[in-house]
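Trainee: Sequence:
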Amino acid sequence: MGLSRPLLAALERVGFQNPTDIQRELIPPALAGRDCLGQARTGTGKTAAFALPMLQCVQPGCGIQALVLVPTRELAAQVGEHVHTLSPESPPRTLVVYGGTRIGANLRELKKEVDIVVGTPGRVLDLIGRGALDLRGVKLAVLDEVDRMLDIGFRDDIRRIMAKVARDRQTIFVSATMTDEIRRLAQGLMRGPVEINVSADCLTVDQVKQDYMSVEAHRKFEALRGFLKRAAPHLAIVFTRTKRGASNVARKLARANVACAEIHGGLAQGRRTRVLNDLRAGRLKVLVATDLASRGLDVTGVSHIVNYDIPADPAIYVHRIGRTARMGNSGHALTFVTPEQGRELTDIEMLIDQELNRVDASGGSLSRAKPAHESSAGFEQLPAALVLRRAPRCKTASGGAAHKRPRRTLGGRFPRSRRRR
0 MGLSRPLLAA LERVGFQNPT DIQRELIPPA LAGRDCLGQA RTGTGKTAAF ALPMLQCVQP
60 GCGIQALVLV PTRELAAQVG EHVHTLSPES PPRTLVVYGG TRIGANLREL KKEVDIVVGT
120 PGRVLDLIGR GALDLRGVKL AVLDEVDRML DIGFRDDIRR IMAKVARDRQ TIFVSATMTD
180 EIRRLAQGLM RGPVEINVSA DCLTVDQVKQ DYMSVEAHRK FEALRGFLKR AAPHLAIVFT
240 RTKRGASNVA RKLARANVAC AEIHGGLAQG RRTRVLNDLR AGRLKVLVAT DLASRGLDVT
300 GVSHIVNYDI PADPAIYVHR IGRTARMGNS GHALTFVTPE QGRELTDIEM LIDQELNRVD
360 ASGGSLSRAK PAHESSAGFE QLPAALVLRR APRCKTASGG AAHKRPRRTL GGRFPRSRRR
420 R
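Just so we're aligned, residue 0 is where the sequence shown starts under numbering that gives the first Met the number 0, counting upward by one.
Keep in mind that the hints were calculated from the coordinates and are not lab data. Fair warning: this is a prediction, and the values are worked out from it, not measured in the lab. Be a bit skeptical, because a hint or two may be false.
Claimed, not checked - With beta-carbon atoms standing in for the labels, derived distance ranges:
(1) Arg243 - Asn17: 37 to 47 Å
(2) Arg166 - Asn256: 51 to 61 Å
(3) Gly152 - Asn356: 33 to 43 Å
(4) Arg254 - Ala231: 32 to 42 Å
(5) Ala162 - Asn328: 40 to 50 Å
(6) Asn17 - His217: 41 to 51 Å
(7) Gln58 - Gly281: 17 to 27 Å
(8) Gly225 - Gly281: 22 to 32 Å
(9) Ala267 - Asn17: 33 to 43 Å
(10) Gly152 - Glu339: 27 to 37 Å
(11) Gly152 - Ile127: 10 to 20 Å
(12) Arg224 - Thr100: 30 to 40 Å
(13) Arg254 - Ser329: 29 to 39 Å
(14) Glu339 - Gln268: 30 to 40 Å
Every residue gets a Cβ at the ideal spot worked out from N, C-alpha and C, and that includes glycine.
Build out the structure end to end from the sequences listed, making use of the hints.
Mentor: What follows is the structure, given as structure tokens:
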């Protein structure tokens with residue numbers, strides 16, 4: 000693949016033998032100095048795909064030559080760990096910077112020799128504004144989980160940071176999804192990029208068993224307790240939409256003697272770090288999280304995902320369930336859907352081109368999951384005479400296949416605008 004002997008020795012030391020698809024496709028053009036747009040499913044080794052070329056091009060002791068921007072503090076720390084693990088015997092010096100920690104420590108470290116900076120956009124901009132971070136010598140800029148950064152609202156911050164980097168730099172984007180917005184950003188920051196897509200047009204992996212349960216809002220915690228008791232997960236992540244919701248669910252689980260913790264943006268950075276350390280050490284069985292943790296949370300052994308609150312954005316569903324079934328392992332995802340949330344369920348199914356399998360409170364299957372384009376009806380519980388016909392497939396503006404169908408109804412009724420008069 001063109002990797003140097005010191006890097007190959009480092010890979011052998013950590014037990015890496017065969018590259019994943021994204022590594023096999025992205026590393027050669029990256030080593031050749033090409034700008035790259037890399038798309039791959041979560042958990043397929045995207046970090047090593049950009050870290051190895053970065054480590055090969057950086058010369059220790061020559062100033063800041065590489066910048067990696069990430070959306071969250073946790074991901075910044077994890078990327079820093081990956082870079083350290085993959086580094087050769089004479090490694091470049093990597094500095095990880097993010098909010099929630101004292102900036103004084105970053106300022107002191109930047110006075111020393113630093114070769115690679117990994118950080119969140121907010122802290123990077125702060126350090127630039129203080130005159131402590133000079134990016135004019137950066138040869139390689141990487142935007143990791145770029146779709147998530149745009150979701151959070153870092154678009155303008157990214158442009159301000161990249162304006163401080165040399166124009167003749169190499170730029171790499173890596174992402175689980177590749178939207179038109181990402182391509183527009185790339186047009187202004189890249190030169191003739193190589194676009195690499197190894198997601199095989201499938202946003203969720205086959206190894207994830209995807210179910211949903213129709214449940215009233217006030218019965219969701221009871222359903223969660225029942226599911227955890229039946230499934231006995233090795234490690235489960237329960238996703239809620241809000242920080243308050245995460246705190247309430249975690250408190251109730253703790254009262255039920257479940258080894259759990261919560262993680263969200265309302266926690267101090269020190270506490271978030273302790274929770275992740277407990278998680279990796281096996282002291283927790285359940286992590287209750289907001290979407291802060293749906294991206295960049297690299298914890299092995301997550302066997303189950305529970306969408307306690309169905310996400311309003313179907314892309315978030317993909318990111319959430321990507322926390323399990325990593326690197327070829329299997330996993331199980333369960334989504335709670337209240338009777339009025341049929342539209343959200345339908346949007347998810349249309350995005351992944353698959354109907355989720357419906358289960359009852361005992362875990363028994365009520366329907367068989369299948370690709371949406373093979374399905375003849377999405378309203379299993381409605382009388383046959385009342386089932387609306389699915390509209391034919393059409394093409395989206397980007398050329399991909401799409402569906403137009405009425406939203407799912409879970410309570411035996413159509414939306415008000417479509418009820419029979």
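Trainee: It remains to establish, for every hint, whether it holds in the given structure.
Mentor: Now the hints, each set against the structure:
1. Taken as a hint, the range 37 to 47 Å holds for the pair Arg243 and Asn17, whose Cβ atoms sit roughly 45 Å apart.
2. Separation of Arg166 from Asn256 is about 59 Å and conforms to the stated range, judged on CB atoms against 51 to 61 Å.
3. The hinted range of 33 to 43 Å is satisfied by Gly152 and Asn356, whose Cβ atoms lie roughly 35 Å apart.
4. A C-beta distance of roughly 19 Å is found between Arg254 and Ala231, which places it outside the suggested range of 32 to 42 Å.
5. Roughly 41 Å separates the CB atoms of Ala162 and Asn328, a value that falls within the hinted 40 to 50 Å.
6. At roughly 49 Å, the beta-carbon separation of Asn17 and His217 lies within the given 41 to 51 Å, and the hint holds.
7. The hinted range of 17 to 27 Å is not satisfied by Gln58 and Gly281, whose Cβ atoms lie roughly 40 Å apart.
8. Gly225 and Gly281 have their C-beta atoms about 24 Å apart, which keeps the hinted 22 to 32 Å range intact.
9. In this structure, Ala267 and Asn17 meet the distance hint of 33 to 43 Å, their C-beta atoms being roughly 41 Å apart.
10. Evaluation of the 27 to 37 Å hint for Gly152 and Glu339 yields a pass: the beta carbon distance comes to about 28 Å.
11. Separated by about 18 Å at the C-beta atoms, Gly152 and Ile127 satisfy the suggested range of 10 to 20 Å.
12. In this structure the hint that Arg224 and Thr100 lie 30 to 40 Å apart at CB holds, the actual value being about 36 Å.
13. At about 31 Å, the CB distance of Arg254 to Ser329 agrees with the hint of 29 to 39 Å.
14. The given range of 30 to 40 Å is respected by Glu339 and Gln268, whose C-beta atoms sit roughly 37 Å from each other.
Hint violations for this structure: numbers 4 and 7, all remaining hints satisfied.
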